[in-house]
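Make a model of the complete structure from these sequences and hints.
If you read the sequences in order, they're chains A and B. Using my numbering, you'd call the opening residue of the first sequence number 1 and step up by one each time. Using my numbering, you'd call the opening residue of the second sequence number 1 and step up by one each time.
The reader is advised that the hints may include incorrect statements.
Derived list of chain A stretches under chain B, where covered just means 3 residues or more per stretch with a C-beta under 8 Å from a C-beta of chain B [stated by the list, open to error]:
id, region
1, 181–190
2, 210–217
3, 265–274
4, 277–285
Derived from the structure by calculation, the hints contain no laboratory data. Computed from a prediction, not measured in an experiment: that's the story for all the values here. All C-beta atoms, glycine included, are put in the ideal place defined by N, C-alpha and C.
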Amino acid sequence: MPLPLNGDNTPSFISELLYRLKVRDVMTRSLFTVNKDHCLRDAQNLMKQNTITGVPVVEGHRLLGIVSMDDIIRALDLGNIDHKVDKHMTRNVTVLEDDMPLAFALSYMEKYHFGRFPVLDKTGELVGIITSRDIILHLLIAMNHEMEIMEEKLKVPESPEQTQVAEPTIGIVKKEFVNRKFDFENAGRPSSEIKKLCVAAKVDSKTIRRIAVASYELEMNQVIHSNGGSIAFEMGPSQARLIAADCGPGIEDLEAALREGFSTATEWVRSLGFGAGMGLPNTKRVSDSFSIESSLPKGTTVTCSFNLSPRGEQDVS
Amino acid sequence: MFLSTIVGRLLLDSCWQAWDDRHVSHAYTSDLLSDVMANAQEGQALITIQAHKNTVAVASLFGASCIIICNQRAIPDDMIAAAKAENIPLFVTKMNQYTVSAKVYMLMES
Numbered sequence: 001m002p003l004p005l006n007g008d009n010t011p012s013f014i015s016e017l018l019y020r021l022k023v024r025d026v027m028t029r030s031l032f033t034v035n036k037d038h039c040l041r042d043a044q045n046l047m048k049q050n051t052i053t054g055v056p057v058v059e060g061h062r063l064l065g066i067v068s069m070d071d072i073i074r075a076l077d078l079g080n081i082d083h084k085v086d087k088h089m090t091r092n093v094t095v096l097e098d099d100m101p102l103a104f105a106l107s108y109m110e111k112y113h114f115g116r117f118p119v120l121d122k123t124g125e126l127v128g129i130i131t132s133r134d135i136i137l138h139l140l141i142a143m144n145h146e147m148e149i150m151e152e153k154l155k156v157p158e159s160p161e162q163t164q165v166a167e168p169t170i171g172i173v174k175k176e177f178v179n180r181k182f183d184f185e186n187a188g189r190p191s192s193e194i195k196k197l198c199v200a201a202k203v204d205s206k207t208i209r210r211i212a213v214a215s216y217e218l219e220m221n222q223v224i225h226s227n228g229g230s231i232a233f234e235m236g237p238s239q240a241r242l243i244a245a246d247c248g249p250g251i252e253d254l255e256a257a258l259r260e261g262f263s264t265a266t267e268w269v270r271s272l273g274f275g276a277g278m279g280l281p282n283t284k285r286v287s288d289s290f291s292i293e294s295s296l297p298k299g300t301t302v303t304c305s306f307n308l309s310p311r312g313e314q315d316v317s
Numbered sequence: 001m002f003l004s005t006i007v008g009r010l011l012l013d014s015c016w017q018a019w020d021d022r023h024v025s026h027a028y029t030s031d032l033l034s035d036v037m038a039n040a041q042e043g044q045a046l047i048t049i050q051a052h053k054n055t056v057a058v059a060s061l062f063g064a065s066c067i068i069i070c071n072q073r074a075i076p077d078d079m080i081a082a083a084k085a086e087n088i089p090l091f092v093t094k095m096n097q098y099t100v101s102a103k104v105y106m107l108m109e110s
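Following this line, the structure appears as structure tokens:
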């Protein structure tokens, strides 16, 4: 049965945890492995002694395959239990990367129905293994921790009014969208909403395009690089404005971040077609005015605005 | 050129049926979504191997006439659902990006 953790009914705190925690935060690091010269019985003994259900087969730190309980049962059935593991191990192993969000691990478990996934680091070396038990255990720890914080908060009287510095508004249309770290599932939704608002307001198509490019890039930046953030969209008669504010970790080298081709994205983010170092340069290029502020570890705020052509001209088009 | 002509000539497989025929004004080929976002033009077909939902978001934002996924990449169900919801015809083919681009180009120029 799939873990009921990644669906529409999952409380947002849990969903956020699933994106905030990485595979490496949750995986088991102490590994029981065999090399290819061991026989299946060695793997079976390892499983029995350590109450585990799968043993990676390695050569140094390189993963060659995995022997699962199923492989052992089959070998016992066929009398192969004294054969070398490399004859009977599963070779095409589905693996996870250590810096993937936990949500990925969960969706892999549902997709492939394996009980465990070996975890590799950036260099392809085996660094751990993750099972659904690891995930549940760490979620419970995180939930306990969160409950403690909530109980703490209940003791203190209500904090005084939130000191939110309000940007001067220009807006008739005003909307705010939230982006979560690594939530590729929902990425793009804010931008298409913003585009729809512009279409409804009869903004000319070239300007809509510029706004869409900026909002999409800012949104993807928050999904890929930030700990989550929000994008506010405001539109008045003569100007539209996007304010993207995230809650950390901030940009170390702003100048580099504005240079085309500079990127700090990980390999698997790049494999999805992102992280080419074009986000901020693209945003700056399409905006009529652009400003960026960033501080470590507090976060980054990008504000960009777009001049809208006068009403009269829009009505003609 | 009409989309139906391209689909017929290149024998593309439709990932969802019953799309409305539409005009295609050339194509843009790239696997880098930021690049697509920055340079693709409204009405162009998007030729790529990026078979995931975010491609649909990008295609919808720049106003793609359709998406053609190359190299017979497996298309996830949520991508098909998103494409359908955004009314963007989605196709898959065994051919690679180079071949698809060349064929579309030849068709357009002929």
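Against the structure, the hints:
1. 181–190: That given contact holds, which follows from 5 residues of the region 181–190 of chain A lying within Cβ reach (below 8 Å) of chain B.
2. 210–217: Contact hint for the region 210–217 of chain A vs chain B: holds, 4 residues under 8 Å.
3. 265–274: Held - the region 265–274 of chain A has 3 residues with a Cβ nearer than 8 Å to chain B, which meets the minimum of three.
4. 277–285: Holds: 4 residues of the region 277–285 of chain A have a Cβ under 8 Å from chain B.
Comparing the model with each earlier hint shows no violations; every hint is respected.
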